[in-house]
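K.L.:
All chains, please: the whole structure from these sequences, using the hints.
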Amino acid sequence: MQNNATVNGMGMEDDDPVVSGSESESEEGEDVKLSEPSKTAVYNKDGLLDKLGDISWPENVEFQHKLSVDIDQEQEVDVNDDLTRELAFYTQALEGARQAFTKFQSVGLPFLRPSDYYAEMVKSDAHMEKVKGRLLAEKRKIEEAEERRKARENKKLAKEIQVQKQKERAKQKKEEIESVKNWRKQRKQSGFAGGDKDGDFSLAFEDGKAFERSSKKRPGVAPGDRSGGKTKQGGGKGGKGFDKKRKDRAYRDSKFGFGGKKGLKKQNTSETTNDFRAFNKSNFPKQKKQKV
Amino acid sequence: MGNKRKHSEAEAAVDVKKDDSAPERPKRTLLGFKNSDEDKKENDSFRVGFRNKEKVLVTCSRRISFRYRHLMLNLVDLLPHCKKDNKVESKESKGTALNELVELKSCSSCLFFECRKGKDLYLWMAKCPNGPSVKFLVNAVHTMEELKLTGNHLKGSRPILTFSSNFDKSPHWKLLKEMISQIFGTPKDHRKSKPYHDHVFVFSIADDHIWFRNYQISCPHGGAQKLDRGDLEKMTLVEVGPRFCLNPIKIFGGSFGGPTLYENPFYVSPNQIRSLDKRQKAGKYAKKVKAKTRRKMHELENPLEVDEFADMWNE
Numbered sequence: 001m002q003n004n005a006t007v008n009g010m011g012m013e014d015d016d017p018v019v020s021g022s023e024s025e026s027e028e029g030e031d032v033k034l035s036e037p038s039k040t041a042v043y044n045k046d047g048l049l050d051k052l053g054d055i056s057w058p059e060n061v062e063f064q065h066k067l068s069v070d071i072d073q074e075q076e077v078d079v080n081d082d083l084t085r086e087l088a089f090y091t092q093a094l095e096g097a098r099q100a101f102t103k104f105q106s107v108g109l110p111f112l113r114p115s116d117y118y119a120e121m122v123k124s125d126a127h128m129e130k131v132k133g134r135l136l137a138e139k140r141k142i143e144e145a146e147e148r149r150k151a152r153e154n155k156k157l158a159k160e161i162q163v164q165k166q167k168e169r170a171k172q173k174k175e176e177i178e179s180v181k182n183w184r185k186q187r188k189q190s191g192f193a194g195g196d197k198d199g200d201f202s203l204a205f206e207d208g209k210a211f212e213r214s215s216k217k218r219p220g221v222a223p224g225d226r227s228g229g230k231t232k233q234g235g236g237k238g239g240k241g242f243d244k245k246r247k248d249r250a251y252r253d254s255k256f257g258f259g260g261k262k263g264l265k266k267q268n269t270s271e272t273t274n275d276f277r278a279f280n281k282s283n284f285p286k287q288k289k290q291k292v
Numbered sequence: 001m002g003n004k005r006k007h008s009e010a011e012a013a014v015d016v017k018k019d020d021s022a023p024e025r026p027k028r029t030l031l032g033f034k035n036s037d038e039d040k041k042e043n044d045s046f047r048v049g050f051r052n053k054e055k056v057l058v059t060c061s062r063r064i065s066f067r068y069r070h071l072m073l074n075l076v077d078l079l080p081h082c083k084k085d086n087k088v089e090s091k092e093s094k095g096t097a098l099n100e101l102v103e104l105k106s107c108s109s110c111l112f113f114e115c116r117k118g119k120d121l122y123l124w125m126a127k128c129p130n131g132p133s134v135k136f137l138v139n140a141v142h143t144m145e146e147l148k149l150t151g152n153h154l155k156g157s158r159p160i161l162t163f164s165s166n167f168d169k170s171p172h173w174k175l176l177k178e179m180i181s182q183i184f185g186t187p188k189d190h191r192k193s194k195p196y197h198d199h200v201f202v203f204s205i206a207d208d209h210i211w212f213r214n215y216q217i218s219c220p221h222g223g224a225q226k227l228d229r230g231d232l233e234k235m236t237l238v239e240v241g242p243r244f245c246l247n248p249i250k251i252f253g254g255s256f257g258g259p260t261l262y263e264n265p266f267y268v269s270p271n272q273i274r275s276l277d278k279r280q281k282a283g284k285y286a287k288k289v290k291a292k293t294r295r296k297m298h299e300l301e302n303p304l305e306v307d308e309f310a311d312m313w314n315e
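One line per chain: the protein sequences are A and B, in this order. Heads up: the first sequence begins at 1 in the UniProt record's numbering, then just goes up one per residue. Heads up: the second sequence begins at 1 in the UniProt record's numbering, then just goes up one per residue.
Wrong hints could be hidden among the right ones.
Unchecked claim - Cross-link-like lysine-lysine pairs, in silico, BS3-like; alpha carbons within 25 Å at most:
1) A:K66 to B:K169
2) A:K167 to A:K155
3) A:K33 to B:K169
4) B:K94 to B:K105
5) A:K130 to B:K148
6) A:K150 to A:K165
7) A:K45 to B:K192
8) B:K91 to B:K53
9) B:K94 to A:K66
10) A:K66 to B:K226
11) A:K103 to B:K84
12) B:K234 to A:K103
13) B:K169 to B:K194
14) B:K174 to A:K66
15) B:K250 to B:K87
16) B:K148 to A:K139
17) B:K117 to A:K66
18) A:K33 to B:K84
19) B:K148 to A:K132
20) A:K33 to B:K94
21) A:K156 to A:K171
22) A:K33 to B:K174
23) A:K247 to A:K265
24) B:K55 to B:K192
25) B:K155 to A:K132
26) B:K188 to B:K250
27) B:K188 to A:K130
28) A:K103 to B:K53
29) A:K132 to B:K87
30) B:K192 to B:K83
31) B:K169 to A:K39
32) B:K192 to A:K66
FYI, nobody ran anything at the bench for these hints, they're computed from the structure.
P.N.:
Here is the structure:
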């Protein structure tokens, strides 16, 4: 500190709050300036110009030696705006390179590196590999993010479609119920002309489709057996216990059903509702007789 | 190459002489026929008359941090005409030591990276042996190792130096420009330099700081050494690094010393900044304590009146 102060030679009082932007000085690249120039600063113009004359090259040195280009800076660069600052440097470099290349061309000296000229580079191949890896990783990251975004949007869209479908389904159901009601009314009005045969059911619907249980006969599968008769075969193939099953047991299983939901088997279907064949009709008169 | 041309021209001159005067055998030397004095002068002025023999010594102080050391090594990579030397102890007498070292290495200028307190980097740029020299504070250092800087170029190809126009505004900038262009420009036909130009240095003054950038020039071309307008338009640059920003502190008349020619009137040393910052932070607690005691005193001075309705609801 002492040393610096002497080199600095400013003699600034410590309590003097002339330093601006004290919040940001911890950050690298930010720097603090005095808000007003110090009065004691030395500025020996003659000495500077004298020294410049001492060290400078002769005036008529060719461009080939100097290789320096002066580029006009259009306006003051805002230092704290990284983007514009870097852009200003970039344009300066670009303009300089263009001017230099045109000069080279006018002189007629080779300046472009031929494609078959290989030589040591400033950065090693290993380092450039790292750079490449990083670029690729970044690219991949961007792509993945893009994909995720797309998936999210798709999901949203799918949800909407799903809602739409459900609405449609509900609507259809309503319509069907309505149509059934209509049909009932009509039937009432016409005095149950069609009787209770199944065929009429299906004809009455608007779309001509019959509402019925899938009546596909599955051979060897008990009604209501949801496994599709696979219990029998699977059972046969299964463990030891099933192997020992007797043949007639297997037959009976397939005939009367084994496994699956019991409830459905015992429910009435539209066919069996009015089917009284299974009832023992002889019971009724017997009872009457007994009563009498 | 120059020698060959000299040779042939000398011969031509000899032919002319043969014509108009008595045959006088020219003396032979190792390089060919020796010319008469007039011819020699003519030839010299026709040739270069100027040869850049700049040699830069690059060193750093002891206890330099790795980042700044890497910056120095990057600069060593960029300047084929430099000589790197061992670290130098940074003390009061370093100026004379460095001057001696530069002379010993037969260099004509010096870049000395001085690291203080392991965090502040100062760069001395000096023309030896008789000045001038500049001391910079280096900010915003990015080394070439950073993966964000994706460019690459030939090691030892001569850079194109570009200066922003505000270098010509005032004498001290002019002097700095001359020094920078001498130190950073690779001499023509330097034995370690490569013949093509594929990178460009930027020196730009913004906010009274000199900003340095290094870009690779990538220019599409069809193998031939010709570019048309379109190729120039298509030229793009890729940054190679390193980056740094120089804040000039002082310019001295001699090398590493001598009369001060310029002082940056706006400069505040990082030590002062830190101490100020610390003082501000230190004041916080004292202020709090002060406020507390003041409050206490105030309360003692103005006691609250006893509230006559205080017990109203307690009955």
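K.L.:
Now, for every hint given, state plainly whether the structure supports it.
P.N.:
Verification of the hints:
1. A:K66 to B:K169: holds (20 Å)
2. A:K167 to A:K155: holds (18 Å)
3. A:K33 to B:K169: holds (21 Å)
4. B:K94 to B:K105: The hint holds at about 16 Å.
5. A:K130 to B:K148: Roughly 10 Å between the alpha carbons, so the hint for A:K130 and B:K148 holds.
6. A:K150 to A:K165: With a Cα-Cα distance of about 22 Å, the restraint between A:K150 and A:K165 holds, given a limit of 25 Å.
7. A:K45 to B:K192: Judged against 25 Å, a Cα distance of about 38 Å means the pair is violated.
8. B:K91 to B:K53: violated (30 Å)
9. B:K94 to A:K66: violated (31 Å)
10. A:K66 to B:K226: holds (22 Å)
11. A:K103 to B:K84: Violated, at roughly 33 Å.
12. B:K234 to A:K103: holds (17 Å)
13. B:K169 to B:K194: violated (34 Å)
14. B:K174 to A:K66: holds (15 Å)
15. B:K250 to B:K87: Holds, at about 23 Å.
16. B:K148 to A:K139: Holds. B:K148 to A:K139 sits at ~13 Å (cutoff 25 Å).
17. B:K117 to A:K66: violated (37 Å)
18. A:K33 to B:K84: violated (33 Å)
19. B:K148 to A:K132: Holds: B:K148 and A:K132 sit about 10 Å apart, inside 25 Å.
20. A:K33 to B:K94: violated (28 Å)
21. A:K156 to A:K171: holds (23 Å)
22. A:K33 to B:K174: Answer holds: A:K33 to B:K174 is near 22 Å, not above 25 Å.
23. A:K247 to A:K265: holds (24 Å)
24. B:K55 to B:K192: Holds, at roughly 12 Å.
25. B:K155 to A:K132: holds (20 Å)
26. B:K188 to B:K250: With Cα atoms ~30 Å apart, B:K188 and B:K250 exceed 25 Å; violated.
27. B:K188 to A:K130: Judged against 25 Å, a Cα distance of about 33 Å means the pair is violated.
28. A:K103 to B:K53: The given pair, whose Cα atoms are some 23 Å apart, holds under the 25 Å limit.
29. A:K132 to B:K87: violated (34 Å)
30. B:K192 to B:K83: holds (12 Å)
31. B:K169 to A:K39: Roughly 21 Å between the alpha carbons, so the hint for B:K169 and A:K39 holds.
32. B:K192 to A:K66: Holds, at roughly 17 Å.
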